[in-house]
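For the sequence shown, my numbering assigns the number 74 to the initial residue and increments by one for each residue that follows.
Rather than coming from a laboratory, the hints here were simulated on the basis of the structure. Don't take each hint at face value.
To be verified - As a list, the in silico DMTMM-like pairs of lysine to aspartate or glutamate whose alpha-carbon atoms are at most 20 Å apart:
1) LYS170 - ASP124
2) LYS190 - GLU161
3) LYS190 - GLU208
4) LYS207 - GLU161
5) LYS207 - GLU343
6) LYS190 - ASP229
7) LYS167 - ASP188
8) LYS170 - ASP188
9) LYS170 - ASP213
10) LYS207 - ASP231
11) LYS170 - ASP231
12) LYS170 - GLU211
13) LYS207 - ASP229
To be verified - The calculated label-pair distances, taken between Cβ atoms and stated as ranges, are:
14) GLU432 - PRO543: 36 to 42 Å
15) ARG339 - GLU605: 28 to 34 Å
16) GLU208 - ASP231: 17 to 23 Å
17) ARG487 - ALA347: 23 to 29 Å
18) GLY590 - ARG339: 36 to 42 Å
19) GLU430 - GLY590: 27 to 33 Å
Quick caveat: nothing in here was measured; it's all calculated off a predicted structure. Even glycine gets a Cβ: it sits at the ideal position worked out from N, Cα and C.
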Amino acid sequence: MSPTPPARRLRLGLPRRVFSQVLLMQVAIAAGVAVLATGLFLAPLSNQLDDQAMRRALAIAQTTAQQPELARDVRQTPPSPNGPVQREAERIRKATKAEYVVVMDWRGVRWSHTDPKQIGGIVSTDPGQALAGKEVMEIDSGTLGRSARGKVPLRDSDGSVVGAVSVGIAYDSVRARLIHAIPGLLAYAGGALAVGALAAWLISRRVQRQTRDLAFSDIAALLSEREAMLHGIREGVVALDRTGRIRLVNDEAQRLLAIGETVVGRSLDEALGAGRTADVLAGRVTGTDLLTVRGQRVLVANRMPTDDGGAVATLRDRTELEQLGRELDSTHGLIDALRAQDHEHANRMHTLLGLLELEMYDDAVEFVGEVVGDHRATAEQVTERIEDPLLAALLVGKATVAAERGVALWVSDRTRLPDRLVDPQGLVTVVGNLVDNALDAVAGTPHARVEVELRAEGRTAILRVRDTGPGIPPEHRELIFNTGWSTKKPPAHRERGIGLSLVRRLAERQGGSATVGEAHGGGAEFTVVLPEALAAPGPEPAVLTVPSAPQTTEEKS
Numbered sequence: 074m075s076p077t078p079p080a081r082r083l084r085l086g087l088p089r090r091v092f093s094q095v096l097l098m099q100v101a102i103a104a105g106v107a108v109l110a111t112g113l114f115l116a117p118l119s120n121q122l123d124d125q126a127m128r129r130a131l132a133i134a135q136t137t138a139q140q141p142e143l144a145r146d147v148r149q150t151p152p153s154p155n156g157p158v159q160r161e162a163e164r165i166r167k168a169t170k171a172e173y174v175v176v177m178d179w180r181g182v183r184w185s186h187t188d189p190k191q192i193g194g195i196v197s198t199d200p201g202q203a204l205a206g207k208e209v210m211e212i213d214s215g216t217l218g219r220s221a222r223g224k225v226p227l228r229d230s231d232g233s234v235v236g237a238v239s240v241g242i243a244y245d246s247v248r249a250r251l252i253h254a255i256p257g258l259l260a261y262a263g264g265a266l267a268v269g270a271l272a273a274w275l276i277s278r279r280v281q282r283q284t285r286d287l288a289f290s291d292i293a294a295l296l297s298e299r300e301a302m303l304h305g306i307r308e309g310v311v312a313l314d315r316t317g318r319i320r321l322v323n324d325e326a327q328r329l330l331a332i333g334e335t336v337v338g339r340s341l342d343e344a345l346g347a348g349r350t351a352d353v354l355a356g357r358v359t360g361t362d363l364l365t366v367r368g369q370r371v372l373v374a375n376r377m378p379t380d381d382g383g384a385v386a387t388l389r390d391r392t393e394l395e396q397l398g399r400e401l402d403s404t405h406g407l408i409d410a411l412r413a414q415d416h417e418h419a420n421r422m423h424t425l426l427g428l429l430e431l432e433m434y435d436d437a438v439e440f441v442g443e444v445v446g447d448h449r450a451t452a453e454q455v456t457e458r459i460e461d462p463l464l465a466a467l468l469v470g471k472a473t474v475a476a477e478r479g480v481a482l483w484v485s486d487r488t489r490l491p492d493r494l495v496d497p498q499g500l501v502t503v504v505g506n507l508v509d510n511a512l513d514a515v516a517g518t519p520h521a522r523v524e525v526e527l528r529a530e531g532r533t534a535i536l537r538v539r540d541t542g543p544g545i546p547p548e549h550r551e552l553i554f555n556t557g558w559s560t561k562k563p564p565a566h567r568e569r570g571i572g573l574s575l576v577r578r579l580a581e582r583q584g585g586s587a588t589v590g591e592a593h594g595g596g597a598e599f600t601v602v603l604p605e606a607l608a609a610p611g612p613e614p615a616v617l618t619v620p621s622a623p624q625t626t627e628e629k630s
């Protein structure tokens, strides 16, 4: 037989849900406040009722002592249950509903009392202060029990003290008033508690909707997972509040945007500066998979609004993909050029074979010399003016591609660039982008021509690329440097509108500029100025003279 399952223990403690805990705590707080307020109100209420009773007794005593015939009767008549003093005191007691009204002479002998048997006896409490001319308020116990008392001196027409008047208010009536006030006070406290509980329930319901009825442990786990996910993924995440200020930026976004954690709480324009990247993240540029350039990086951004009026933007690095796309375009161009050269080479070989078969050897030699000379002249023209091997190789390759596309690529006679470039790769990117754009602009037009000028002025490199294409309208000469702006149809493997943006950013990063204008005779002329692009010239290398060894007899002969 299977063992009997253990009985489940009843677990006492706070509920797990945020809604239940918030409701329980708020109701407990409301109940505690109601109890505290009731206690704070009852404590002074008892003292206030005592004070009111003593003042009432004192006022009755003062009114009684103001009657002149009362002092005269105390001096002229003996104490008697049927005397005028007793009759007047009883009339006042019944009219004011006091517990007693006692009139005494200067010796403390009673002339009136609720119990007529007490008349003629000495009062039970000390009347010294009242007989000394002072008014007294107190709560004390006497023959009739505990009462709130007021004592005043009794004076004759000359102002001399001939006795005293003591009035008492039953303390049971004071306590009854206090007890009578408690139900109403508790009713008010219960009403306040009910209102507080209702408000707590409404607030808790709102908390329940906003927290989606999760437990505190679930929220803590979600926060831990969120932190791990945000800082572990290889995609930049930037969270914004409803005012457009940054409230979260993960590690990858800091790397891609070249910013730190100090940007949290600042606006995008303050953190990134004015530009397309800030416009895309702020939602001023709409769309999906928007391209932007930040520094040397090509980024793809997407923005998703949140329920609280903010937004979350994601960033992906497309720099390497964009470089691969450009290399693929260059490779396609070189393949097309090689394919065309292959056909041209086959034609030339057929021509050479025909000349040889016809035994026209001199013509064959001349034909070979012309072909080799044309290629050599092009390469020599470039390498003589451009000493950097990367740039020279790039322009030789571009010249071959241009020739196959029916475009004449020329290196200007003013071109002079020494082999002292600080960043050859950056200049290769600039030249390659501008030449490719120029070839695209003039391809298919009559008398297509592209001219490249590269020269150095001190440590500044100046690049000009001119073409005979349709040119750039004045209203578009700044737009073409914006990321994603292009008039060309994008290829399948990448986006357009990146090259010129990279050119300008590379130039501005070195403190230079990139502009476009109209070339002489029509077309476009791009000018890029790169200060500090060349290293300072070093000292001339010393020529080491090595003495020649004496010639031997065999060498002389």
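Hint check results:
1. LYS170 - ASP124: At roughly 17 Å apart (the allowed maximum being 20 Å), ASP124 and LYS170 satisfy the hint.
2. LYS190 - GLU161: holds, 17 Å
3. LYS190 - GLU208: Distance ~27 Å between LYS190 and GLU208 Cα, so the pair is violated.
4. LYS207 - GLU161: The hint is violated at about 23 Å.
5. LYS207 - GLU343: Since the Cα atoms of LYS207 and GLU343 sit roughly 81 Å apart, the hinted pair is violated (cutoff 20 Å).
6. LYS190 - ASP229: violated, 27 Å
7. LYS167 - ASP188: holds, 14 Å
8. LYS170 - ASP188: holds, 15 Å
9. LYS170 - ASP213: holds, 19 Å
10. LYS207 - ASP231: holds, 17 Å
11. LYS170 - ASP231: violated, 31 Å
12. LYS170 - GLU211: holds, 18 Å
13. LYS207 - ASP229: Status holds; Cα separation ~15 Å.
14. GLU432 - PRO543: 36 to 42 Å: violated, 52 Å
15. ARG339 - GLU605: 28 to 34 Å: Since the Cβ atoms of ARG339 and GLU605 sit about 32 Å apart, the hinted range of 28 to 34 Å holds.
16. GLU208 - ASP231: 17 to 23 Å: Check passed, 19 Å falls within 17 to 23 Å.
17. ARG487 - ALA347: 23 to 29 Å: violated, 37 Å
18. GLY590 - ARG339: 36 to 42 Å: This hint holds: roughly 38 Å between Cβ atoms.
19. GLU430 - GLY590: 27 to 33 Å: Between GLU430 and GLY590, where Cβ atoms are some 56 Å apart, the hint is violated.
Figure legend: structure checked against the earlier numbered hints; hints not met, in rising order: 3, 4, 5, 6, 11, 14, 17 and 19.
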